[in-house]
Amino acid sequence: MSSAVTPAEPARLPRVLRAVGGRLVAIASVLLGAATLAFAGLKLLPGDPVATLLGPQTTASPAVRAQIRSDYGFDDPVISQYLHYLGELLHGRLGESYQLQQPVSALIAEQFGSTFELAMSALVLAVVIATVSALATAGRRSALRSALGAWELVAVSTPSFWLGIVLLTVFSFRLQWFPVAGTEGVQTLVLPAVTLALPIAGVLAQVLREGLEKALAEPFVVTARARGLGRGAVRVRHAFRHAAIPLLTLSGWLTGTLLGGTVLVEKVFARPGIGALTLQSVNTKDMPVVMGVVLLAALVFVLISQLTDVLYAVIDPRLRKG
Amino acid sequence: MTGTAATEPLLVVDGLDVAFPGREPVVRDVSFTLARGECLAVVGESGSGKSVTARTLVGLTGGGARVSARRLAFAGTDLTALSEARWRALRGRRIGLVLQDALVSLDPLRTVGAEVAEALRTHAVVPRDRVGERVLELLEDVGIPDPARRARQYPHQLSGGLRQRALIASALAGGPELLLADEPTTALDVTVQAQVLALLGRLKEQGTAVLLISHDLAAVAELADRIAVMYAGEIVEQGPTERVLAEPEHSYTRALLAAVPSGRAKGSRLSGPVGPTRAPVPAAPPVGAVLLEVAGIGKHFRAPDGTRHDAVRDVSFELRAGETLGVVGESGSGKTTAARIVLGWERPDAGAVRFRDAPWSELPESARRPSRGRIQAVQQDPLGSFDPRYPVARILGEAVAAAGLPGGRWRATRAAHRARVAELLDLVGLSTDLLDRRPRDMSGGQRQRVAIARALAPSPELIVCDEPVSALDVSIQAQILDLLADLRAELGLALLFISHDLGVIRHVSDRILVMKDGRVVESGDAERVFTRPEAPYTRELLAAVPRPIATVGAVADPAAQAADPHARGGRVLSGGAAP
Amino acid sequence: MTATPTADKRRVRIRRRPAPRASVVVALVVLVLFALIGLAPGLFTGTSPIETDPLAALRGPGAEHWFGTDQLGRDVFARVLHGARPSLLLGLGATVFALVGGTLWGLLSALGGRAADQVCMRLADIMLSLPELLLALFVVTLLGRGTVDVMVAVAIAAMPGYARLVRAEALVVRRSGYVEAAAGLGLRRPVLIVRHVLPNAIGPLLVLGTVGFGTSLIYASGLSFLGLGAQPPSPEWGAMLSEGRGFLETAWWIGVFPGAAVTCAVIAVNVAGRHARTRFAGGTAR
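Protein chains in written order, with my numbering: chain A, 1 to 322; chain B, 1 to 579; chain C, 1 to 286.
These are calculated hints, taken from the structure and not from any lab test. Some hints here could point you the wrong way.
So the derived list for chain B, only partly shown, Cβ under 7 Å to chain A, looks like this [to be verified]:
| # | residue |
| --- | --- |
| 1 | L60 |
| 2 | T61 |
| 3 | R88 |
| 4 | R91 |
| 5 | G92 |
| 6 | L99 |
| 7 | D107 |
| 8 | A119 |
| 9 | T122 |
| 10 | H123 |
| 11 | V125 |
| 12 | V126 |
| 13 | Y154 |
| 14 | S251 |
Chain C regions said to be covered by chain B (calculated; three or more residues, Cβ under 8 Å) [to be verified]:
| # | region |
| --- | --- |
| 15 | 169-179 |
| 16 | 186-193 |
Sample of chain C residues with no beta-carbon within 12 Å of chain B, all distances over it, derived [unchecked claim]:
| # | residue |
| --- | --- |
| 17 | L111 |
| 18 | Q118 |
| 19 | V211 |
Here a beta-carbon is modelled for each residue, glycine too, at the ideal position from N, C-alpha and C.
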């Protein structure tokens, strides 16, 4: 490749606009896809939606049933139901729960805080544990390294719901350090956050260390050392940025694991939250709520993956365009 | 200690041994000295221990290596017992290191300027507020135009030559007295290589001691005052450059020198023992009718950002049966794209290729398929061209099965198949012991032989060789070039031979095509192009080729070579280059 | 860096296969043991996993009941052993289903032309934008609860990931030097696909599938734990864990032992999978 000359920038603003526009299109297309998938799920749901809506022990008359059918638009052609649904989505309305007779968006908003708190504390915890574990051991052969390696393997392989049960047994029931359930105070957050964080920390630590070791084996590390840089400085100034790149590729997986993990962890610790709401809705076949959660997850995923793309370019100049 | 420092050369290496745990020593009893303003070239093939030696001199041998020496001293300081802190004070400040390929030897995530500045800051070479200024001066000193802009760019945004200069600038930032250059020009095109060597030459004149490490005798000969030849961890010969080149004492040095294609008369053998025992390469087959007709082909690609890149523009040539046409050019000159068009892997945008006086490039794939066997290919990296699951037997077996047996024996028995595979192996000088081997368990030379054997399976009339020896050490390169010459003579093959290496091209070609930026800038008889180049670019290319060997190494004596015990098809190839 | 290839014919670097480490041997032994237990739990325990004994309820681990007894007096050890078959079959079935589906999906995408590729990959993108567990929950909502439904749900959730990998591998292989070389010998497209593209594209998938088996085990038992898969009194590990959740204060062993069984199986699978990855990584040289 010949030397790339940075072109003068006559059209900087339009380029930024184009980039932002492109991202918005990407976000919209994934959301549209998820909405379509969710809608298809709703239509594929076996059984009469009215029966689901009314619950098993109902004695509603045929007239009432017919009324409900037309209220919910169940009799309209599928395509117009689909367009109606998309139109409602555009206005931020996710529909109404079959079981709880409340707007789905309100139900989700109500539970969001608790789950967000759990996911964020788990994320921070996982990143801290992984960074310490990886930086301490990358490129060294020692007993510490094999011990931490074994720990990571166990962490990665342990189902969070079992880990939660063990932690509950030991720290709540035996030692009584933490409350068994509840949402009040930091005390109640510790065990759920640890439960959610440990398997994630195991994976992050492995990937981070692999990245660091790969970076430390690159010729530019020899060049930097030959310049007089010490081992530590090479790790911090050169290798760490390289190791961060594979970590970024995990962001999608990370989002999914955090969101999916809350379902199990909230069940184990009997915490309220989006996960508990989802589980309840799955159990009662409350499709609008499940659809709402699916859309929320897709939105979170797509926002994070767009952010990741931007971060890639910030860290790695080779990925910048032009 | 202080007494010796005054009289002793800048660098003294005496009896250096380096070993990695659980393996044979990689450096054994290596001794040399280097004075200020002097250049010593350490030459050897991959694995000879030369790079390990260089890294040991900056205390970065790595891998838990055991280093011991009778004396290892830099400017009177004993290096064998240096603390890490004192090493760090030396590294970058008094000893600089330049590695091959700046694309990976400079941190790709940091700007070139930041890399140079790091060396300045680490040793506080200049006051903090002068760092930016000094970076630009350094970049300018190594011949980088417009340093202010370049300093803000990343390694991947610079051309190979500029990148390598920037790497040298970062090594020079501390003003070192000793510069270790490990293959500093290996990844570069010849013209750029010449510029970088000239830069190192200027440093030497300014009083820097340069330890130049290379696999390429020709490249270092001009710069080096003395040459040390390494083989298998030992220095087998050492002396002033002229003496080593003119009267090599050690057989390995002689083999190295002889293996350089530009140093040998065309038609002479490159591999095998030097001296009167070498057989001449059999005479080339008589050149026949026009086999391949390339008329005005062009091909362009679109970069992801929409810009048009013309890889090949209006290229025309002919190739006759039994003839070898060499295509030479630097990277990006379009030679590989032209080859892929000839092979029918790319469709030209303009022009057409005719083969055996019939359409070729215009045919749909289904119509071309039956004749594909007539044009075969040998790539630079054969490993990628073998199914990784296949052992040699299956690789060749598939080729034989696809081609049928020569002479129209289509319905072949298993035994006939196996006999044909063995015949192919014999043609390329490999033993049938290798049949169960997978390509990744073979050496580079063996792989290339298997690739050639596969190409021969359908009894082709033309083989397109795209840089077939570029990835090989020079002695293996010599064997493969000899093999191709033998096969050509024996089977009457035509070769389209692509290389960036002028010496190789000159050695193999009857006619030559010089390409630059997708165009043919010169074509003609090989000897004519080399002796009386017409195009300015060809002259520039030729001028950039390191010369000394061409004048020293040509010792071919056809009369003496007549009696060669290895003459049987010329296929007993030297394993005997080793001392 | 070891042997110089100068003596081309004689000295050859032979890549030595890394000797399996002790951990890998242990993992394989554990896997074989689990398989045996799954095939014939009666060989290892004579106690019935479903027979209740109210008089012996909630006994702690001891000589008589190694893992204790549950609230109905059933022997937890026997239940864990008898739980191996449904639990492992659930994970294995989901993995196999996901691998087969993902392979077909990926090959269709890579070799089926532009339109098929677009449809296949957009669908994969959308499904990959959802957390695997949530996607599985979504499918369970559609299918209803039960062992087979959970298996299908877990498989569908894992499928798009495999599909993408197969597509990427198939594309790489299709453009690789050896497929080109084989085409240069005049081989036809279907022959190329069956002989070179498919086997080489599938190698990395099988390695990933080993690790994927561990993940499927976790998700399948997780769904059972959520009460969506195997239903009591069936001795499935996830379902047992779910039952045990209610007795943590008085009888931790009811939940802890089945969970430990899942964890052991997953650790063994992961160790084996990682070994497979390092061992076969070189096999896909490009």
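Hint check results:
1. About 5 Å separates the beta-carbon of L60/B from the nearest beta-carbon of chain A, less than 7 Å, and the hint is met.
2. Interface restraint check: T61/B against chain A, minimum CB-CB distance 11 Å, threshold 7 Å, status violated.
3. Because the closest C-beta pair between R88/B and chain A is about 5 Å apart, less than 7 Å, the hint holds.
4. Because the smallest distance between the Cβ of R91/B and any Cβ of chain A comes to about 4 Å, under 7 Å, the interface hint for this residue holds.
5. Hint status for G92/B relative to chain A: holds, with the closest Cβ pair at about 4 Å, below 7 Å.
6. Look at L99/B: its Cβ gets to within about 5 Å of chain A, closer than 7 Å, so that hint holds up.
7. Below 7 Å, beta-carbon pairs count as interface contacts, and D107/B has one with chain A at about 4 Å; its hint therefore holds.
8. The beta carbon of A119/B is positioned within 7 Å of a beta carbon in chain A (closest approach about 4 Å), and the interface hint is therefore held.
9. For the restraint placing T122/B at the interface with chain A, the shortest Cβ-Cβ distance is roughly 5 Å, inside the 7 Å limit, so the hint holds.
10. Below 7 Å, beta-carbon pairs count as interface contacts, and H123/B has one with chain A at about 6 Å; its hint therefore holds.
11. Checking V125/B against chain A by beta carbon gives a least distance of about 10 Å; that is not within 7 Å, so the hint is violated.
12. Among the interface hints, the one on V126/B is violated; its C-beta lies about 15 Å from the nearest C-beta in chain A, farther than the 7 Å criterion.
13. Because the closest C-beta pair between Y154/B and chain A is about 4 Å apart, less than 7 Å, the hint holds.
14. Below 7 Å, beta-carbon pairs count as interface contacts, and S251/B has none with chain A, the closest being about 33 Å; its hint is therefore violated.
15. Beta-carbon proximity to chain B at under 8 Å applies to 3 residues in the region 169-179 of chain C; the threshold of 3 is reached and the given coverage holds.
16. Given as covered by chain B, the region 186-193 of chain C passes the check, having 3 residues with a CB less than 8 Å from a CB of that chain where 3 are the minimum.
17. Remark: the non-interface label on L111/C is consistent with the geometry, its nearest Cβ contact in chain B lying 16 Å away (cut-off 12 Å).
18. With a cut of 12 Å on Cβ distances, Q118/C stays outside the contact zone with chain B, its closest approach being about 19 Å.
19. Distance to chain B confirms V211/C as a non-interface residue, since its nearest Cβ pair spans about 21 Å, more than 12 Å.
Of the hints listed earlier, those the structure fails to meet are numbers 2, 11, 12, 14, in rising order.
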